[in-house]
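Residue-level listing of the chains:
4 protein chains.
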Amino acid sequence: MYFASDNAGPAHPSVLNAMIAANQGYAMGYGADPIMASVRTKIRDLFEAPEACVYLVATGTAANSILLGTMANPWDTVFCTAMAHINEDECNAPEFYMGGAKLTLVPDDKARMTPEELRAAIGKEQSRGVHGPQRGPVSITQVTEKGTVYSLDQIRAITAVARDFGLKTHLDGARFTNALVALDCSPAEMTWKAGIDTVSFGGTKNGLLGVEACVIFDPALAWEFELRRKRGGHLFSKHRYLSAQMDAYLTDGLWLDMARAANARTAQLANGMRSHAATEMLYPVEANIIFFRATRAEHQRLKQGGAIYYVMDGDETQGDPAEPLTGRLVCDWSMTAEGVDQFLTVLRG
Amino acid sequence: MYFASDNAGPAHPSVLNAMIAANQGYAMGYGADPIMASVRTKIRDLFEAPEACVYLVATGTAANSILLGTMANPWDTVFCTAMAHINEDECNAPEFYMGGAKLTLVPDDKARMTPEELRAAIGKEQSRGVHGPQRGPVSITQVTEKGTVYSLDQIRAITAVARDFGLKTHLDGARFTNALVALDCSPAEMTWKAGIDTVSFGGTKNGLLGVEACVIFDPALAWEFELRRKRGGHLFSKHRYLSAQMDAYLTDGLWLDMARAANARTAQLANGMRSHAATEMLYPVEANIIFFRATRAEHQRLKQGGAIYYVMDGDETQGDPAEPLTGRLVCDWSMTAEGVDQFLTVLRG
Amino acid sequence: MYFASDNAGPAHPSVLNAMIAANQGYAMGYGADPIMASVRTKIRDLFEAPEACVYLVATGTAANSILLGTMANPWDTVFCTAMAHINEDECNAPEFYMGGAKLTLVPDDKARMTPEELRAAIGKEQSRGVHGPQRGPVSITQVTEKGTVYSLDQIRAITAVARDFGLKTHLDGARFTNALVALDCSPAEMTWKAGIDTVSFGGTKNGLLGVEACVIFDPALAWEFELRRKRGGHLFSKHRYLSAQMDAYLTDGLWLDMARAANARTAQLANGMRSHAATEMLYPVEANIIFFRATRAEHQRLKQGGAIYYVMDGDETQGDPAEPLTGRLVCDWSMTAEGVDQFLTVLRG
Amino acid sequence: MYFASDNAGPAHPSVLNAMIAANQGYAMGYGADPIMASVRTKIRDLFEAPEACVYLVATGTAANSILLGTMANPWDTVFCTAMAHINEDECNAPEFYMGGAKLTLVPDDKARMTPEELRAAIGKEQSRGVHGPQRGPVSITQVTEKGTVYSLDQIRAITAVARDFGLKTHLDGARFTNALVALDCSPAEMTWKAGIDTVSFGGTKNGLLGVEACVIFDPALAWEFELRRKRGGHLFSKHRYLSAQMDAYLTDGLWLDMARAANARTAQLANGMRSHAATEMLYPVEANIIFFRATRAEHQRLKQGGAIYYVMDGDETQGDPAEPLTGRLVCDWSMTAEGVDQFLTVLRG
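Chains as they are written, first to last, in my numbering: chain A, 1 to 349; chain B, 1001 to 1349; chain C, 2001 to 2349; chain D, 3001 to 3349.
Hints listed in this document are in silico derivations from the structure and should not be mistaken for laboratory results.
Cβ coordinates follow ideal geometry from the N, Cα and C atoms, glycine included.
Where hints are given, some of them may not hold.
[Stated by the list, open to error] Chain C regions said to be covered by chain D (calculated; three or more residues, Cβ under 8 Å):
(1) 2013 to 2019
(2) 2022 to 2034
(3) 2046 to 2060
(4) 2081 to 2095
(5) 2234 to 2241
[To be verified] List of simulated lysine to aspartate or glutamate pairs, EDC-like, C-alpha gap at most 16 Å:
(6) A:K124 / C:E2088
(7) C:K2124 / A:D89
(8) D:K3124 / B:D1089
(9) B:K1124 / D:D3315
(10) C:K2124 / A:E88
(11) B:K1124 / D:E3088
[Stated by the list, open to error] Calculated from the model, a selection of chain C residues having no Cβ within reach of chain A, i.e. all distances over 12 Å:
(12) R2119
(13) L2183
(14) A2267
(15) T2295
Whole structure, please, built from the sequences with the hints as guidance.
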């Protein structure tokens, strides 16, 4: 009953098998390994982007920060939501990699940036010439940090606003595949066909040990990205072990299967919870994350029953049993239907 | 016959097995996994340093840069040799992580910084108050970039000079274990007992997939290191896969066995080459790296015979066959005696 | 009728005379000039802070940024209001000098940060350990960017919240003296006695050519400030010309006289405007800045009548004559009563 | 008898008069003042560069650092000599403004970088792809830090090497005018006609209070320079007082007259010293700086006789009277022939 994070689950056995297969003899390092060539081709094919630059790093913070560093100047401000991972959960890594640029927080609707608010926020910046921050790229998260998913129309509306101001758009896809299967669309449709310029294409939260692909649709940015990756200490000498993970991920639809499993378990969980009158969903459940309200007493029952998850806004162990508190549940690829049922059973008391 | 780099060889099967063993169920992330607790204990025990802070990162550049960032101020200058990895091979990562500090290059003797030159170099800095760079930490590499090894006395002499000026010392131990078995001493003797304050304790070049431990003997630096690691994007969510590598490494002396194997093959290689009159060793061969001079014709024969290694100072494929060129040979743990013999056979023509 | 900025007026003749007096023979540079010793003594006396560190720089952005760089770590977030000069008007200079720290925007009441909102904002940060930004210093502006003035109680309430969390407080006093004479208190009362740790003590907007003093009450920060000032290129070789400005400023109450004159003209202006029914004050007029609403037609009449000031939220030259637009008026020390009367005459039509 | 630095002398009275003349009424700030328009025209005319971008800052460190920040990427290395002001005397300001780039020290001949050594130094960098620092701009100082002057041929030879590698060249002209009158050439000849791309055109050491012009021959860099200047806190609100200084400097040949006077006094000093057998010149005396060797006893006599200057390599107040020590003498525009004679009289004993 582990619902604390999709970061905490195991890697898929196929991925480890691929690493073992890669562990034969010598291989060129630093991305020149033959498996990386395969990964590059697969991602270009999947994204229908034969010119795209594809790089691997090992953490989502690295992917986001190096991409934003490549897209933004130090005097820019990046437009994102308040709950964006780049704002809340990266300990100023984007600011570090951008050389001191800043973030402008754009109001959201259910964790999705709205085009109207984005337009207003961009409009307010850069009204004072050299004195204020300059307008930098827009960054959105898909699946959002609250578990909602931008529709293709919503992405297109955001990138259209950015384009009106000549700005580029980054997609933080730590849960890219969970969104993709939720929308049932193609990677190209969810990215460059919708106006996205660069993608953090996550694997770690969806069954890898620790690999994210950075996909850049404009090849002109490639060399700068490579220098920034190296300068950040994120270029791996024994790169084949990153390549092998991503290669296995993209083989035989494993990535899609794992995301579908995670989303399905989450839907099962949400359905069960909804039938339990006392809980309230804070956001539409569209991928593999649930935010729910329940009383302290219910949280205590769940925790004592073995459920592991975060309570976000208070201490569930002491206080008024009737006070409502927010819990977050995340399903990873390895969550079982039995685990979900067990949770629901405990919830129902 | 792969002698290009110890970065290019496979990981030890035990290491991959440990990763598979770690891949069961859920685990706390970000270093809170139980295997990391085991790693911490093992390293503290090995270093006889019960208070030492121990952190894992995935690349040597990250280890060096985050440690130096934690030790140096942006207005400092770090003392190292010209061929130091931090100077030549990290694309300004140390300067990035230190916020714009610089490096002062100290002359060397066979790639080893000498205490006299260090004293002179430190003396010359900070003679102009606020106007010049301030004196920062000293960083030495063990095994050096040219394959030589500092004796314990030599390390003590370096750190004594640093201490005279109130400066700290970092040891870039990308090939820590190769030096340790060469000196046949303990980790404590080669580090804090010799005056070293922080260590990049490498694993990647010696049979891991990609893990380096950062060992900090002064616990007061721990929290800042943790923030700098996170801010650099080097804190792994699924940390257990780093822990498992390092844990296997330190189990049953695997780390020592692999380094001994690499050094032994290198000694075999050097002995064989010395008996071939035409080659010249540029540095004492003390660990697992050889720099040698041979004619272009000899390099061509070796390469055509299947040897893979770097020629450092020219193009071996064209030019005067009699011109001497420098080659670099590195043995990793997986090099076989047969591979070495094969190289020597080709060399002898 | 120049009301665009207190940055645009002339320097006081006494200040230039002091510079001429300082221009005799040779003088030690870089702050070692004897006039700087006099400045240091005067500021320490005025602030009743015999241990305070006093440094001069030439721009307000430099003063704020170097002080914040000295107070904050790169992984911190600084608490300020959305309209803070450090947020809106310094092109990311604070982020640059802090090495990539960020700003958290705290809601305000009439441009004054409120202690309740500050407490809430601080409370929300640093709830996720190493993952999020760490809590950094609080920075408030006195006079605020909208012309309001914190009372001593209001300052104390802010610094009390900061102290509850162990945080330091910076006061951006670009218009320090305008606030001081408005409150009719002492520099000590408005700063360290109210819990302020560092001050940008502005002179440029109040009759100097370009000098701001940085006052740091904790001497432990002095050396780091000096290094950061030099590293920013803000240490002047011919420092005596900065010293002479500040020395004249603090002689015979010139600084107070100029601020009183500016505030008095502003009060005269506000009173006259209030008697003109059609204009509306957006904020209490407490120092030397007025934000007012008037119709486009009125703005046009004022501008055509020779008034020079900024219209903040639209183009006054074209559009619906009845549309209300916001104007900003600032009086400097050299504004005359006649100039104000002339403005009011034009306003009345 | 003040020979410590040309930073320590007074400003020319005409310069202060120009500041007083500028101190009338209101003026647009931030470089939009009409005097700046005059300065821009004058510098473009003098440099025969109608498209050149011209900006003013107040310190030489700011001029050098913002220009290098505009020219170099954070992953670059800048080529300069070991004694370059940017290496020795700016407390890592260039590294700060360049976002963590580094400096590669090129051997010199009498403080002048030689084209052969520059070619060798550039050749050695960027030989390892993404792993090492990338080749950045070349920076030379004219007058050099040791008082020698590059001939036009020598400048052309340096910039030709840079151009061979596609690199730009910066000229640190803190003593630009002293070199110009020494060479008796035009600003254009000493800069863009000789291949220089950007110039720190100093005024502070030659009779201004504190103004340096940054001259950029490629207008494409202008906007980035402006943003970097603002972000560094070096954009002055009351800019007219900088403009007025530079405008007076360039009026009626004042700049040339002052530099000629300084050089003439230095020549007088050197001639007198050469006739005194016991002193030795360490470098050709070509502008307004002298490095000389004399015994400790002689230094003591000079200092006791009232001469003020730096002894560079030891304590002249105690030790063997016969030990030779190095002194540095600098003449500024205000040095008199009598002051020089007085020094020589004391020297002769």
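Cross-check of the supplied hints:
1. 2013 to 2019: holds (count 3)
2. 2022 to 2034: holds (count 7)
3. 2046 to 2060: holds (count 4)
4. 2081 to 2095: holds (count 4)
5. 2234 to 2241: Since 6 is at least three, the answer is holds.
6. A:K124 / C:E2088: holds, 10 Å
7. C:K2124 / A:D89: This hinted pair holds, its Cα atoms lying about 13 Å apart.
8. D:K3124 / B:D1089: holds, 13 Å
9. B:K1124 / D:D3315: Status holds; Cα separation ~15 Å.
10. C:K2124 / A:E88: With a Cα-Cα distance of about 10 Å, the restraint between K2124 of chain C and E88 of chain A holds, given a limit of 16 Å.
11. B:K1124 / D:E3088: holds, 10 Å
12. R2119: holds, 16 Å
13. L2183: For L2183 of chain C, whose nearest Cβ neighbour in chain A is about 28 Å away, the distance exceeds 12 Å, so it holds.
14. A2267: For A2267 of chain C, whose nearest Cβ neighbour in chain A is about 28 Å away, the distance exceeds 12 Å, so it holds.
15. T2295: Answer for T2295 of chain C: holds, closest chain A Cβ roughly 22 Å.
Checked against the numbered hints given earlier, the structure satisfies every one of them.
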